[in-house]
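Asks: Residue numbers (the working numbering), protein chains in the order written: chain A, 1 to 418; chain B, 419 to 861; chain C, 862 to 1273.
Be careful, since some hints might not be right.
Calculated Cβ distances over 12 Å to all of chain A for the following chain B residues [stated by the list, open to error]:
| # | residue |
| --- | --- |
| 1 | S496 |
| 2 | R587 |
| 3 | G693 |
No more than 30 Å apart at the CA atoms, straight line, and that leaves these computed lysine-lysine pairs for DSBU-like [unchecked claim]:
| # | chain 1 | residue 1 | chain 2 | residue 2 |
| --- | --- | --- | --- | --- |
| 4 | B | K480 | A | K5 |
| 5 | B | K480 | A | K398 |
| 6 | B | K505 | B | K432 |
| 7 | A | K398 | B | K432 |
| 8 | C | K1111 | C | K1185 |
| 9 | B | K824 | B | K480 |
| 10 | B | K492 | A | K5 |
| 11 | B | K824 | A | K5 |
| 12 | B | K544 | B | K754 |
| 13 | B | K447 | B | K505 |
| 14 | B | K480 | A | K365 |
| 15 | B | K830 | B | K723 |
| 16 | B | K727 | B | K432 |
| 17 | B | K830 | A | K5 |
| 18 | B | K505 | B | K480 |
| 19 | A | K143 | B | K727 |
| 20 | A | K288 | B | K824 |
Just so you know, these hints were derived from the structure itself, not from any lab.
Note that this is a predicted model, so its numbers are computed, not measured.
Just so it is clear, CB atoms sit at the ideal spot from N, CA and C, and this is done for glycine as well.
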Amino acid sequence: MNASKYLIVGSSHAALEAARAIRMQDDAGSITLISRDTHAPYSPTVLPYVVSGRSSADRVSLRTPDYFQAEAINRVTGQALTRLLPAEQAVELEDGQRWHYEKLLLATGATPVIPPVPGLDRIDYRVLRTLDDAIALRDAAGKAANAVVLGAGLVGMHGAENLAEAGIAVSVVEMQSQVLPGYFDAQAAELIRAAFDRQGVTMKMGRRAQRVEPQADGCRVHLDNGEVLNADLLLVGTGVRPVTDYCQGSGLDLDQGILVDDHMATNLPNIWAAGDVAQARDFYSDAKVVTGILPDAVEQGRIAGMAMVEDPALQPYRGGVPINTYTFYGQQAISVGISDTADTAAQVAVDFDAERGYFQKIILKDGRLQGISAINAALDPGILWQLILRRTDLSEVKAEFLAQPLETGRRLMSDTWR
Amino acid sequence: MGTAYNSITFNQAKCDGCGDCMRACAQAKAGSEDLIHARIQILAREDAPVELAMCRQCGDPKCVSNCPAGALNKNPESGVIDWDANKCVNCLLCTVGCAYGGITFDAAVGHVSKCDGCDGDPACVKVCPTGALEYSTAGSLYRRISEREDLFVPGLSACQGCNSELLIRHTLRNVGSNVVVATPPGCIPGMGTVGYNGRTGTKVPVFHPLLTNTASMLAGLKKQYNRLGRDVTMLALAGDGGVGDVGFQSLSGAAERNEQQLFLCVDNEGYMNTGMQSSGSTPAGSWTSTTPVGEAMQGKRTDAKNMAKIMMMHNCEYVATASLAFMDDYYEKLDKALEASRRGFAYLHVYAPCPTGWRFPASDTIEVCRKQVETNFVTLWDFTPEQGLRFTRSVERPAPISVYLKQIGKYKHLDQAQVDHLQRRVEDQVRSLQAFTHMSAAG
Amino acid sequence: MTAIETAIDPRYQSRSLVCDGNEAAAWGVALARPDVIAVYPITPQSSLVEYVSQFVAEGIIDAELMNVEGEHSVLSALQGAALAGARTYTATCGPGLAFMFEPYIRTPGLRLPLVANLVTRDTLTPQCVWGGHQDAMLVKEAGWIQMYCETVQEVLDTTVMAYRIGEHPQVMLPVNVNSDGNYLSYGVTGIEVPPPVLVDAFLGERNINWHAALDPERPMAVDPLTGGAGGPGPGLFVGYRQGQCDAMQKALDIIEETHRDWGDRIGRHYAPLVEEYRLEDADYALVTIGSMTGAAKDAVDAARDRGEAVGLIKVKTFRPFPVKAMARALSKVRAIGVVDRSVAFGWNAGPLYQETLAALHSTERFLPAASFIGGLAGADITVDDFSGVIQDTARLLQGHRFDGPRWINRND
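Chain A on its own, in the form it takes in the complex (with noise of 0.2 Å):
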């Protein structure tokens, strides 16, 4: 049987970034990286910018094979995780080729989910997770003149501006009221929405598909109001969920992704998960959720890497913050922690302007952030997401806080640093 002595499924961010904590200490023992795809490592995030043309499909990987071979870690690609044999400290590949390990991550990443639309199931529909994906959109793009995407997350709203800014007329069909929810409240998100309007993307919000009709060169969706939007190009971007169809059996604990504790551990020894897949600690609540961000995968793995390393400097994980950067028609938004709150204690500070596409939002609670959002707005967030995890108390600077969040916040940041 092949062994590893650390076998990290996947090969992104979660995954690298456990490879890397676990070399800084154990600059020996093995590691093996297995993942489902065939291409050199990237991210998911980049992949719209490979459907736009800004990035080359063959210029996104985010290391080189001359990483892997310095830092002496070894590959194994094209191999999807069939099945976990935890009594044997062993998993099984698609190809029935067992691997033993003495430590397992888990950073299998997240697929997309697929709404139980009528019809969906027999058209040659888009999804946007793997760099194939982005090269299949990128060459259906070039054909088509019409597009329907289902969802305004991320994935749907990035997708819709590249297609309509590669000429087509693009639909974009979401079930909540608002764009990119969770990220932004009512108020920003309309902002969002009026640029993707001007840019003459049509917005079709609390709509739900309720069915797709196959056509010759393409499909119709039926909405729920009864319209009907002709597509030649169908992109499904309705979220994602946790890869664990490997976990049958194993008796690994799951909900949604698989549960981990504070050090990325899951109920089963020798075994962690970290990223996409993992469902772990909430920062504002005691509930486990599956955050499916980037900044926080990178935290995950290096956490998981850590812990699998045994390096005694590892710090517990202190919860997943929501956390969003996303730049659409030259504009930018940013979104950390929460972005609207119910809570009658907190102080909610907003500015708005419509004209200049402005917006600031801060939410403090016991004079500690709890979120901030903007729109064309210069702040750092990096240092306000190290503001809501520390839970830095702001009392004394907040009027100066709420005025200036950029330069308290440096200042803030700066005094920490020596």
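Dock chains B and C against the given chain A, drawing on the hints supplied.
Replies: Only chains B and C this time, still in chain A's reference frame:
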């Protein structure tokens, strides 16, 4: 790992917030007068120290980890985090990774920008009129200091790997020759600074006070020099016994009277010069020759006292802790302490791991120093009556104490309960010190 | 004119004062113009440092006054000041002296001419705040010059003289001016404060740290380690020690010369080492020290009136011990009764008794002697007590010998 890169260093105490660096950067990087383009941002405010936002060229950069496009990389040659415009997709996720505002979106150019070190010749450093910005490595800092005269003779007989010898040589180089040096009994005179049998080891006036009266003797000296109208620095280089044990009364009295002197405690956690006996600053659990390990006793039974904190409570002109693993921090504090000692009492507590007495390899001294700090076993801070206590290195997210303890022979017998005790002690100390931040003891 | 000149006597003449010994000492300090004074109060010295502090506050003394946290630091600070060239002053006694002991025993080796009044006090325990010589006697081997005063005036005069003695380049030793707690510290009499201009001339230019300085302009290591086997170690140490002993012996001459000059300039003469009182035709003598001597002299006078051939030998300078002067005095009598205000543990006698007998050895003569111990814990040795001492001493001439000391005040 293992490579020291040049980087732009910022000495907060020297910065007057003039902003020349920002103008030079905006000009160099964008040919613009608009400071929005400056990749170094000075944050000046009245009644507060000047802060700085710029890329620190981290050794373990999170901006790089967060980049989905492979556009950011730590350059192994220069140490600079290079940004590749051709690969950048403008997603701004790098800015999520930076806790210091070092990589930011520049709306005027439509992409992120960050300091690139100007290919080794930073424009900001060249124009800095106060010397607050420098382009240097830790090594070049040492070189610069070592260009000053070493006021101790060669061949002091300290043990191999001695932290204290390094410390006193660097200290006196900075202090200069217009000084009277007091070295109460301990390793520092033991290595020959005051000399043996008529020969001295120091090029400036130096003497053995008693173990008990260093601060008082210096106080008397200073009084007479003041009377003579001569400005002479009074410097004590004392061990922890001469500070916190028998030396404490005179120290406390001198601090209370705000005597003008710089009192430096070289804390090696016991009487290392005379065979490693326990002192008041020996941490709980430590093996020493008077707190041995056996059936009935497993090292020292009580905790060390926190002398720096005690001195802070005297409301001295200046109190600071320092570690030789953080020399730039030490130099800055030494300068401040010297300045403060012209006005009144200044106390520096420097932690001095002892390879001989603590049982660790002589080559590990600085690493042990570093681990002390990284585990919060030692915290770096300074204090003035006006500003209160300020950490000069973050105490957030320390490594567990076990990382530090395992390097050192005097702790090798510790059981889990003793390790847990020390961990709790570290946490208690940090909490206690945190309570003093932003609090002026003058109040 | 300086503040002190104005305060004492604008006409450059002595000023008469009625004061106690502690104030008299403070006026002596004022006349000596110290640079640095360090104080810590202790009974019965407290009013002395209060006077000195008051004088500083009023500008009568122009000095740095250090209110330090204990006697240990008092002397330490003054050592530091002296190493920077300062003339210094302090005073202490009893437990304070005990606490000062560590820097105290070091001062002579550093050859620093500090002056410190000891307002003597019995040592603990039993708990006691009253006069006695036990404190000063305990440190007689420490290397300080020690002079015991008999009168309030002598406290002032000796305090000034102490500076000239200690700072003499052939001496360079610290000096204790000892005055009996209670009897001299609080005893009020009329005194004369000499004119500062005469005292200035008497003391001359100070040069405190010509031999050992902590001065960046003259860098040197003060007190490097000496001793140990090999090298110049032990030899160097022995050399330093011998130098201290030689200076002590030299001090006997300097003390005499200084007292003589004081008498010439100021007009008050004291026996510098040993005073002989009605000794010329005496058969036997009392040996006394300190303020008890007044009452002893009265008792001697009374005995003389009764026809007793008794005299008195008073020791002023106890360190260095004036062996020759003492031998000269002892050679004039056939028996002695030595009155101590302290005890020598293990000898069943007083320390003055011991030292007197040791000095006697140089005469190669035997004298019957008795040890009397009195005045402990502030007790009064009255004229009647001394009359008893005289009677007991007289019995020595008849062949009587005492086993152990005679304890005065045992029934007080």
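Asks: Now tell me, hint by hint, if it's right for this structure.
Replies: So, going through the hints one by one against the coordinates:
1. S496: holds, 18 Å
2. R587: holds, 24 Å
3. G693: holds, 32 Å
4. K480/B to K5/A: Holds, at about 26 Å.
5. K480/B to K398/A: holds, 28 Å
6. K505/B to K432/B: violated, 39 Å
7. K398/A to K432/B: Holds, because 28 Å separates the two Cα atoms, which is no more than 30 Å.
8. K1111/C to K1185/C: holds, 13 Å
9. K824/B to K480/B: holds, 29 Å
10. K492/B to K5/A: Measuring from Cα to Cα gives roughly 28 Å; hence the hint holds.
11. K824/B to K5/A: holds, 25 Å
12. K544/B to K754/B: holds, 25 Å
13. K447/B to K505/B: holds, 20 Å
14. K480/B to K365/A: holds, 28 Å
15. K830/B to K723/B: holds, 22 Å
16. K727/B to K432/B: Given pair K727/B, K432/B holds - Cα atoms ~26 Å apart, limit 30 Å.
17. K830/B to K5/A: Holds, at roughly 29 Å.
18. K505/B to K480/B: holds, 17 Å
19. K143/A to K727/B: Status violated; Cα separation ~73 Å.
20. K288/A to K824/B: The hint is violated at about 35 Å.
In this structure, the hints that do not hold are numbers 6, 19 and 20, in rising order.
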